[in-house]
Amino acid sequence: MSIAMRDAFGKKLVELGVTHPNLVVLDADVSSSTKSALFGKAYPERFFNVGVAEANMVDIAAGMATAGLRPVVNAFAIFLALKATDQIRNTICYNNLPVIIAGAYGGLSDSFDGASHQAITDIAIMRALPNMQVIVPSDSFQAEQALEYALTQQGPVYIRLNRNAMPDLPRAAAISTVKVTEGSDVTIAANGITASFAAEAAELLKKEGIKAEVFSVPMVKPFGIEAIVESVAKTGRLLTVEEHVLAGGFASAVSEVFMKRGISCRFDAIGIEDTFTESGPYIPLLAKYGISAENIAARAMALSK
Amino acid sequence: MSSTVKDLLGDVKRKFNAKELSALAAYFRTVMFETLYKSQTGHWGGAASSAELTTALYFNRLKIDPKNPQWEERDRLILSKGHASVNLYTVLAHRGFFPTEELETFRRLDSRLQGHPSMNSTSGVDMSTGALGHGLSIGVGMALAARLKGQKFWTYVISGEGCLNEGQSWEAMMSAAKYKPEGLVLMVDYNKVQLDGTEDEIMPMGCLASKLTSFGWHVAPTAYNGHDTASILDSFAWMDSDDVWPKAVIYDTVKGKGISFTENKSAWHGAVIDDDSYAKGIVELNADLAKKEAVL
Ligand SMILES: Cc1ncc(C[n+]2csc(CCOP(=O)(O)OP(=O)(O)O)c2C)c(N)n1
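Same order as they appear, the protein sequences are chains A and B. So the number in the numbering used here is just where the residue sits in the first sequence, counting from 1, plus 213. So the number in the numbering used here is just where the residue sits in the second sequence, counting from 1, plus 3.
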């Protein structure tokens, strides 16, 4: 079990503050939750807590970026993606400003707070915006890599972070698609923290004699799809998994590429159906909405028949 | 004649007086604290802050019928600071909207008592909230609907100062000042502590009363004490004293009110209640309840 992404991200901000004198961090009265408070403590003069005003915060960051600073804005993913959409689109993306949007409490990870706080449409929104890059790290190491990568970019990057401590996955040298298990029967492409459930599913499938090739795919835009295409050429079967509504998210992105290239395969997608979610403990809540090793294994098995 | 909170809860339909409301609120605090402790999630600070306000509304003022929660002529209450859901649920349950036993299911999987109020899940909840900043605009809409339909219900919006940080709150204030809908009241639960720190550290409000006045609101000439139920009843009398709209009342409150070590502490905004804090806290809350029951 790793430390939570938010803790890793907060610590990484502090570390990068040393090497990046232009790095500034903004928060909207949730810095004790997002852990951007760590940066605020280390560099009070480069930290701006603007109150519960996400839209305002994003445009302040935009102004800073035009004048040579490298802002990272922090708030709950749902409120960045939905309350500050106009500012992110019309100021940040339209002008291709290098602002890093750190969406905390992504997916269902703010589990007890319920539907009002759970970000289930952020990936669809962010990936639809021209110039925006979208990263959904699968563990805290990838969250750190995402931040390092984003700081090398000349335009905006959205990083979706998770609230809770989740398992560590195999690492790659830079943020990219990672093969978690090797297999030849079915490909499982998992986005974000769903990758650890997919890895567990591969173990269950092994017992049934099915060899699943599991990938963790953090880069949604630009899309880390090539390894998946290669794998499906071998398996002929693809199951995608995401902590997001199926409309417009990861499965949609995969389908767009496959349809365009004329790749046909047996296909299934696990994600939140067209419904609002609810309050509850995180792991059982994920399971209720289809994200569990058991359900991934069952659906992969059905594909393999 | 001495009575207990239990006696009071035997007949919840009548209008309670200041002392009774005070005892009820003290009791509801114990229920809230226990509910949050048992569920190991939820927001104590803001719920403790609005305990007397919600109690006074539901047990003295609101025109409501728990048997007919969708009654068209009912007064509306929007808890714009939706994170204080445990406060709203506790008051609604004891007022008869749903069984008090159900409070135990707070924030559990499959519960009707969602983390933040959800109008399609819970009887008595007039509007879903949780994302801060929406409440006042929605209140303007409800009050305008009452005007258009010739109905006489009032719309009360409870907002924290953190909730007022959102730009939308100020857009709503301008709209309300433009349309002046009858029966619209903004009640500010002004505890001066947000999630991350004090209002001075996070977003200083300056003189809130003059801001509201300059935005065109009819603001109560004094701030009321939001934990003194007699003071709250005085504020209700002020609401009834003229026909000028929209009205705003600022209540001085204390975040985490009722437990010495949680008062005025942003750390207790949403902290999980550990065993030790529960043991110490519940003693203080019970002592306060006993004191208030003794003078009934
Ligand atoms: C749009 C939005 N941004 C952030 C949050 C997270 N949040 C919950 S409560 C809170 C502070 C609220 O302060 P206040 O309104 O003063 O409430 P109180 O002190 O009475 O609890 C914040 C920032 C939220 N619920 N909604």
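Think of the hints as simulated: they come from the structure by calculation, not from any bench. Do not take every clue at face value.
Interface residues of chain A toward chain B, partial, derived using beta-carbon atoms under 10 Å [what the hints assert, rightly or not]:
(1) Val263
(2) Ala268
(3) Ile291
(4) Ala341
(5) Ala460
(6) Gly461
(7) Ser465
(8) Glu469
All residues carry an ideal CB built from backbone N, CA and C; glycine is no exception.
Going down the list of hints, with the structure as the test:
1. At a threshold of 10 Å, the smallest CB-CB gap from Val263(A) to chain B is about 7 Å, leaving the interface hint in force.
2. Taking 10 Å as the C-beta cut-off, the interface hint given for Ala268(A) holds, the closest approach to chain B being about 6 Å.
3. With a least beta-carbon distance of about 8 Å to chain B, the hint placing Ile291(A) at the interface is held under the 10 Å criterion.
4. Violation of the interface hint for Ala341(A) is found here, the shortest Cβ-Cβ separation to chain B being roughly 21 Å, above the 10 Å cut-off.
5. For Ala460(A), the shortest C-beta to C-beta distance to chain B is roughly 21 Å, which exceeds 10 Å, and the interface hint is violated.
6. Hint on Gly461(A) is violated. Least Cβ distance to chain B is approximately 21 Å, over the 10 Å limit.
7. A distance limit of 10 Å between C-beta atoms decides the matter here; for Ser465(A) the minimum to chain B is near 25 Å, and the interface restraint is violated.
8. About 30 Å separates the beta-carbon of Glu469(A) from the nearest beta-carbon of chain B, more than 10 Å, and the hint is not met.
In this structure, the hints that do not hold are numbers 4, 5, 6, 7, 8, in rising order.
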